[in-house]
Amino acid sequence: MISGTSVSLVECAKTFPDGTRALSPLSFEIEDGETVVFLGPSGCGKTTTLRIIAGLESPDPGGRVLFDGEDVTQVPIELRNVGMVFQSYALFPNMNVEQNVAYGLKVRKLPGAESARRVREMLEMMDIVALKDREIDQLSGGQRQRVALARAIAVRPRVLLLDEPLTALDALLRERLRVDIDALLRRLGITAIYVTHDQAEAMALGDRIVVMSHGDVAQVGTPRQIYFQPSNRFVADFIGTMNRVRGFVSNGVVRTDAGTIPWNGQGEEEVEVLFRPENLTITEPERGHLTGVVETAFFLGDRTRVIVRGAGDTVLVVETSDRHEFREGEKVGLIVGPDMLTFPDGEAP
Amino acid sequence: MNNRELHHLSILVLPSLTVFAAFFLLPMARLVTVAGSGDMGAYAYVAFLTTPRYLESLIATVVLSASVTVATLAISVVSGLFLERNRFAGRKILIALITFPLAFPGVVVGFMVIMLAGRQGLIGDITKVLAGDKLVFAYSMAGLFMGYVYFSIPRVVLTIMAAAEKLNPALEEAARSLGASPWLVVKDVILPGLKPALIASGAICFATAMGAFGTAFTLATDIDVLPMTIYTEFTLNANIAMAAALSIVLGLITWVALNAARSLAGSTVAAAG
Ligand SMILES: Nc1ncnc2c1ncn2[C@@H]1O[C@H](COP(=O)(O)OP(=O)(O)OP(=O)(O)O)[C@@H](O)[C@H]1O
Ligand SMILES: [Mg+2]
Chain A
29 MISGTSVSLV
39 ECAKTFPDGT
49 RALSPLSFEI
59 EDGETVVFLG
69 PSGCGKTTTL
79 RIIAGLESPD
89 PGGRVLFDGE
99 DVTQVPIELR
109 NVGMVFQSYA
119 LFPNMNVEQN
129 VAYGLKVRKL
139 PGAESARRVR
149 EMLEMMDIVA
159 LKDREIDQLS
169 GGQRQRVALA
179 RAIAVRPRVL
189 LLDEPLTALD
199 ALLRERLRVD
209 IDALLRRLGI
219 TAIYVTHDQA
229 EAMALGDRIV
239 VMSHGDVAQV
249 GTPRQIYFQP
259 SNRFVADFIG
269 TMNRVRGFVS
279 NGVVRTDAGT
289 IPWNGQGEEE
299 VEVLFRPENL
309 TITEPERGHL
319 TGVVETAFFL
329 GDRTRVIVRG
339 AGDTVLVVET
349 SDRHEFREGE
359 KVGLIVGPDM
369 LTFPDGEAP
Chain H
70 MNNRELHHLS
80 ILVLPSLTVF
90 AAFFLLPMAR
100 LVTVAGSGDM
110 GAYAYVAFLT
120 TPRYLESLIA
130 TVVLSASVTV
140 ATLAISVVSG
150 LFLERNRFAG
160 RKILIALITF
170 PLAFPGVVVG
180 FMVIMLAGRQ
190 GLIGDITKVL
200 AGDKLVFAYS
210 MAGLFMGYVY
220 FSIPRVVLTI
230 MAAAEKLNPA
240 LEEAARSLGA
250 SPWLVVKDVI
260 LPGLKPALIA
270 SGAICFATAM
280 GAFGTAFTLA
290 TDIDVLPMTI
300 YTEFTLNANI
310 AMAAALSIVL
320 GLITWVALNA
330 ARSLAGSTVA
340 AAG
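Taken in sequence, the protein lines are chains A and H.
Count along the first sequence from 1, then add 28; that gives the number in the working numbering.
Count along the second sequence from 1, then add 69; that gives the number in the working numbering.
Hints were generated in silico from the structure; no laboratory data involved.
It is possible that part of the hints are untrue.
Below, simulated BS3-like cross-link-like pairs (lysine-lysine); rule was C-alpha separation at most 25 Å, straight line [claimed, not checked]: (1) K160(A) to K134(A); (2) K137(A) to K160(A); (3) K161(H) to K235(H); (4) K134(A) to K264(H); (5) K197(H) to K160(A); (6) K235(H) to K256(H); (7) K134(A) to K256(H); (8) K235(H) to K264(H); (9) K256(H) to K137(A).
Calculated from the model, a selection of chain H residues having no Cβ within reach of chain A, i.e. all distances over 10 Å [to be verified]: (10) V103; (11) A129; (12) G193.
Think of the CB as a built atom: it goes at the ideal place given N, C-alpha and C, for glycine as much as any other residue.
Using the sequences and the hints, build the whole thing.
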């Protein structure tokens, strides 16, 4: 069991020497033992933030990194005691599996017996005991990442930092290793920061998710908060599929070009209404809040994804478990469930 | 591969086989027979072991080449890594300057050593002012050592830079995250990563130093390195058989050293040099 360390970023901005502004000043806290996922599109600054926490990059002057309240901004990575796991595995090719896992312990001059015991424990935990004498080039990608995890955890780091550890693996393996990592993090109670651009991975692993956009934090919240209560349009759009319809609010309804949606809010204004595909029910044209025409339908087995045209500015995506076979050109009505969001129209995304 | 293809292939190989035979096998065979045709017969090969002058010359050459290789590798690793990892104004010009001697024949290198460490050389002038005594070492093994290191550095630096560029930075970051000090990162990550390049360029450096002639010839005729000994036997003493035997020995030792390096590094390395 590793006792967790809390991590705080205080006003950390990052401008690279070439002038690229990778991060606006950002601040957030990660509690001890928590698994936090950085999620966001490519180039939004996830890796940069992770590297600042690791000590591989320093924040612009004024920014601070705290571990358990202690300022470690000036502490170089080799003294920060962080574990790192890379997308490219980064295993030492001149060492075999066992030597890789033992490396951090060797550097720390741990006595041989203690080191051997700890390595054994790590190999068992990652289920790779049988591979201990293998050379790195004799391992599959999944096995390599297990070795990399064992190597990172063996030194009992204060924080475990993982940068897209599963991106290089195929879907099946990714799923399996994700489940294992999840179990491992819970078992160790270690503070972990996990970078990904895969939402499903983020939802499944994160106690909390930090959604990032253009070098800034768009929202911090639990997976449910992020999914059900996105605090801005970027998050709403980035997470899952989101339908949007423009309309005018008045007297408890939103009037749109394609129909009227009941709304339990006050005021009169132009709004944009956002709702998830599973929040729409398909019905007869005359009974729906909105009406439209089926453009295409994808049968997915357990459900059908129907693309409806004419009910909004853009097409609407509907997911239904209805067994009805939807045909192109079919006229349908759509009932919008109560879980919808409205944003004042024209708000910056 | 069927017979027909084999037939076509052997026709294609024929020209290069001919060239190989004409310019390599035949002269080599001739060299071997010449070496055995002197007064001593095949004993010419043994003579170099029993004649102190030859043996000393051989040992001096091997020691010189080995130390040139070690010094060149050390200097090149430091400067190659520095040049690869730092971007500064004038970097390109510096690289161009360092690789300048690539084009110099041994004579020019010898000339430069004399201008630096010879009787009228820069080092001599400086030491005279500072210590009152003129330091002159151009016409000795030390001068030769300096010249060889000077013309070996360009090749090795370029190889090291190419190899350093391909090193995976994540490996160094992983090592540091595990607590490795900068020195440990060099020892455990960078040097192992550069090993194939070090062995390949080291082997070439060693072989070149073993066979180099122009610099030694320019500096002094009494520096006893094997190529000079061969030259002396051949031209002054007209002992052609001995010269041939020494040539074969020189080639053989270098060839063994190259092969040892190659097997040390795994298979494909010599090509990388
Ligand atoms: N060393 C650097 N020099 C200059 N700009 C950089 C450097 N490293 C990153 N950047 C820039 O900073 C921004 C953030 O990069 P970062 O690697 O943090 O993104 P990311 O969110 O990890 O993206 P990805 O999902 O593609 O890995 C990008 O615009 C990138 O081009
Ligand atoms: Mg990244």
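Status of the hints after comparison with the structure:
{"no.": "1", "hint": "K160(A) to K134(A)", "in the structure": "holds (16 Å)"}
{"no.": "2", "hint": "K137(A) to K160(A)", "in the structure": "holds (21 Å)"}
{"no.": "3", "hint": "K161(H) to K235(H)", "in the structure": "holds (19 Å)"}
{"no.": "4", "hint": "K134(A) to K264(H)", "in the structure": "holds (22 Å)"}
{"no.": "5", "hint": "K197(H) to K160(A)", "in the structure": "violated (64 Å)"}
{"no.": "6", "hint": "K235(H) to K256(H)", "in the structure": "holds (17 Å)"}
{"no.": "7", "hint": "K134(A) to K256(H)", "in the structure": "holds (13 Å)"}
{"no.": "8", "hint": "K235(H) to K264(H)", "in the structure": "holds (13 Å)"}
{"no.": "9", "hint": "K256(H) to K137(A)", "in the structure": "holds (16 Å)"}
{"no.": "10", "hint": "V103", "in the structure": "holds (47 Å)"}
{"no.": "11", "hint": "A129", "in the structure": "holds (35 Å)"}
{"no.": "12", "hint": "G193", "in the structure": "holds (45 Å)"}
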